[in-house]
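The chain contents come next:
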Amino acid sequence: MLLVLLAIILAMGGAMFLNRALTPEYGLDLAGGTTVTLQPITPNGSAPSEESLDLAVNIIRDRVNGSGISDAEVAKAGDNIVISVPGVGQEEVVKLVGTTAELRFRQVLAIGPGTPTPPGELSTQAPTPTPAASPTASPTSSGRQKAKATPTPTRPAQTAAPGPSGSPAGRALSSALTNPSPAPSATRGADASPSAKPRRNTPTPTATPKATATPDAGATPAPDQAAENDPLAGVDTTGIDPAALERFKTLDCAKENGQGAQDDPNKQYVGCGFDDLNDNDPKNDVYVKYILDKAALTGTTIDSASSGVEPNTGAWVVQLSFKGQGPDQWSKLTTTAFNSQAPRNQVAVVLDGVVISAPAIQEPITGGRAQITGGFTQPEADELANQLKYGALPLKFEKSSIDEVSSTLGADQLRGGLIAGGIGLLLVLVYSMLYYRGLGVVSVLSLVVATVLTYQSVVLLGEFANFRLSLPHIIGLIVSIGITADSFIVYFERIRDEMKEGRRSLRAAVEVAWVRARRTILIADAVMFIAAVVLYFLAVGGVAGFAFAMGLTTLIDIVVVFMFTKPFVALLARLRFFAKGHKLSGLDAERMSETTVAPKTAPQEA
Amino acid sequence: MSGIASRLYRGEVNVDFVGRRKLWYGLSAFLLLISIAGLVVNGLNLGVEFKGGSVFSFKPAQTVSIEKVRGTFVDAGVHQVIVQETNNGWRVTTESLPAEKVTEVQNAAAKGFGLRQNDVTLQVIGASWGGQVADKAIQGLIVFMLAIILYLTMAFEWKMALAAVVALVHDLVITAGVYAWSGFEVTPATLLGFLTILGYSLYDAVVVFDMIKEVTAKLGTTSKVTYTQAANDALNHTLIRSLNTTLVAILPVAAILFIGTTLFGAGTLKDLSLSLFVGMIVGTYSSLCVATPLLVTLKEREPRYQAIARRLAATGGAGSGVKAARQPVGATAGGTPAGDEKRKKK
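One line per chain: the protein sequences are A and B, in this order.
For the first sequence, UniProt numbering gives the first residue as 1, with consecutive numbering after it.
For the second sequence, UniProt numbering gives the first residue as 1, with consecutive numbering after it.
Bound conformation, chain A alone (with noise of 0.2 Å):
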């Protein structure tokens, strides 16, 4: 046990330097951050209402503090929001809560590649064609499909003609919705369909092999080369403001890809999505362009939007409900959407004028739940969600300003609550020495165990998970030098009982203690876990990253009781120090007095 507990303190040693992460990272009160001053903007210039910019901050909040276990403040200051993020130089979490707007649905009545063809840049044929290639691949909707994306079993077809695109935009992230039970009815909606993802990345040209045909797509054949250069070739007209046609022709995805443009709901929009190509590489992604119907639905119909797997396939989905007139008009959306040929069967989901998922309808859509499905990986699930779910500000912003700004807490009072500390622990030491005298060596022994791990433990999620150490966690921390103290002492105070009865060897009495002392403690514990998770789970922002510190020590204690505090006790056992009751052990004979002043009475039941 000793030895394994080495080898988990020198694993995390080890890496702790390969990462070169030797210290952890701290919050906004020790470390300082960034603050970011938000104006909102409203389109004819006058005061945001309060309740606009109430419900404003709390989005933001929860935006900013989607991770959990960061440490960021959202404040409104006027007609401003100021947010704070620990860390210097956040520009992600900057961007991440500027260009947050309204989220629209809006029908999906064209699509093509983000970037006119740029001759000599862009490749026109795809790069790797497979043998299998299929040469009328349509350059809409089936031309960006994604052989991976097609978590419905019955859908044989996208996986069974891989073809080359010669569109530079790629193969998309194709995408799905239904209804949150997996219909059969999707057999009809075979056609998968561009989802894009907000990535602020240059194009890159790269064509890749597509793998999708579908009914539909043979229904709207179009040559790939006429798609290269007209973007509106093999586009459906009808029904598209010449304006939107117009704006489409011209749009430049890598120039001006829509973001923080405020689109009219009452109009129709040309916007940009991306795709990622699934990869994960930024490089990889290219843009792809839409006409968009009027927006039929906004994100403040979205009850509660969620990732999670689906069970029958494994897959990762999005999951998303709707309240108010929500259900009704995403039910009319979908139903809409669903009778219409390709792409215009696809529903585009509109974020601060960026495309950031365009997923196909299979079904029409009642009853207020969807799920959208589409090959997405753990990560691209969540954000997908985390967009869905807080991208509903009811405001449009403009950084205002950004300033570097030191802790809140002064390197002074921080000083003085370490040197505080470190007395506080000092007498701690001292405490249980005179108390415990040889058995305190243990007790000591593992609060240095139980710090060195606190610390690694806090310096490795520091540099994985973003954990950032604020006050009242480290007082937390010292704190939990309680609980982790209680442990050994109800140890102690059981082997001092089985002692007492002075009828067991030492070394026998210590793993008798154990087994009584194991399940309080174990017991204990829970508790305070119950209490950590709970709170972590429910609660935002400083509370969840408090409770985390709290579940982390919790663990650590009982790693530290089950595999150093008991097999050291067991080890001293066997020394003639301890077993023979040396005064200085801590089981002499006055704190084992019962057993000499009272020699053993008649058994007496209790």
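A hint or two may mislead.
To be verified - In silico DSBU-like cross-links for lysine-lysine, where the CA-CA straight-line distance does not exceed 30 Å:
no. : chain 1 : residue 1 : chain 2 : residue 2
1   : A       : K294      : A       : K323
2   : B       : K101      : B       : K51
3   : B       : K159      : B       : K22
4   : B       : K68       : A       : K76
5   : A       : K76       : B       : K136
6   : B       : K136      : A       : K323
7   : B       : K59       : A       : K76
8   : A       : K399      : A       : K294
9   : A       : K76       : B       : K51
10  : B       : K213      : B       : K22
11  : B       : K111      : B       : K59
12  : B       : K59       : A       : K399
13  : A       : K294      : A       : K267
14  : A       : K249      : A       : K294
15  : A       : K399      : A       : K267
16  : B       : K159      : B       : K213
17  : B       : K51       : B       : K111
18  : B       : K101      : A       : K76
19  : B       : K51       : A       : K399
20  : A       : K399      : B       : K136
21  : A       : K76       : A       : K399
22  : B       : K136      : B       : K51
23  : A       : K76       : A       : K323
24  : B       : K218      : B       : K22
25  : A       : K249      : A       : K267
26  : B       : K218      : B       : K159
27  : B       : K59       : B       : K101
If you are wondering where the hints come from, they were derived from the structure by calculation, not from laboratory data.
Once you have looked at the hints, place chain B on chain A.
Okay, now just chain B, sitting in the frame of chain A:
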């Protein structure tokens, strides 16, 4: 070693916690009433993070230290001061100040750092820990209590779960009451302190209950002790552990509180350590004097324990109490009469 210290050291203590439950109930009821009165009359002094406040920004003519900045604002009569250095001067967050006070503070700062009053700009800022965060924390708390009741009901029994959670609420209310009456500022750090107390107080109660469960499991119809006596023994048995644990946990907190209050007038350090300090003391008190007596009150209503109590009262009366005293709890046999005389009969 002699006297109490020595007996404590050897673990020979025997206080009739359960027997004096009326005293504890009275004391707790009194404390709860005072606390609730404090919450109603005074309310909590919520910090900038909950209520919002005023933010002063300025760029001093020459370099100044954080102590100087904090000192200047505290001297100007501001209570809650959070000082931050930015890439563009200083940023001082204070509680929400009335207009005339703002001017006063601006003047003081301008004078202190060689600026004109206009150079000290004011921004009114809303709560960064608004209702939503607090609401979610409270939601979490309620779910947590339900989860704990469920868990303890499974691990022990519902009466223990109930007693533990009642003691928990007791601790929370009294700690909040201390805050209400003292006017100490409630910050997010304080809130987190409360949460620590919760875990801590429960932990303590669970260890005691585990022992009670073990001891009372042996109570049969021919038992020579009542549930009350057995529980009290279990309590005394874990008393050393409770005191040791509390001491070990409270020493660092006390040190932080001491430094936090003596060296720095206000701040996170003090807020956090104070809530912990108060909460831990109340938590230890409640697991000894509230949780266990409450459990006993609940359990003594059960027919089987009433039967034992009746039989003992009829046969031995006081004597039975003495005989039962000072059992090495958890031992399979071998009770000793060593502590008998110290024990108060029920």
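Unsatisfied constraints (hint numbers, rising):
The structure breaks none of the hints.
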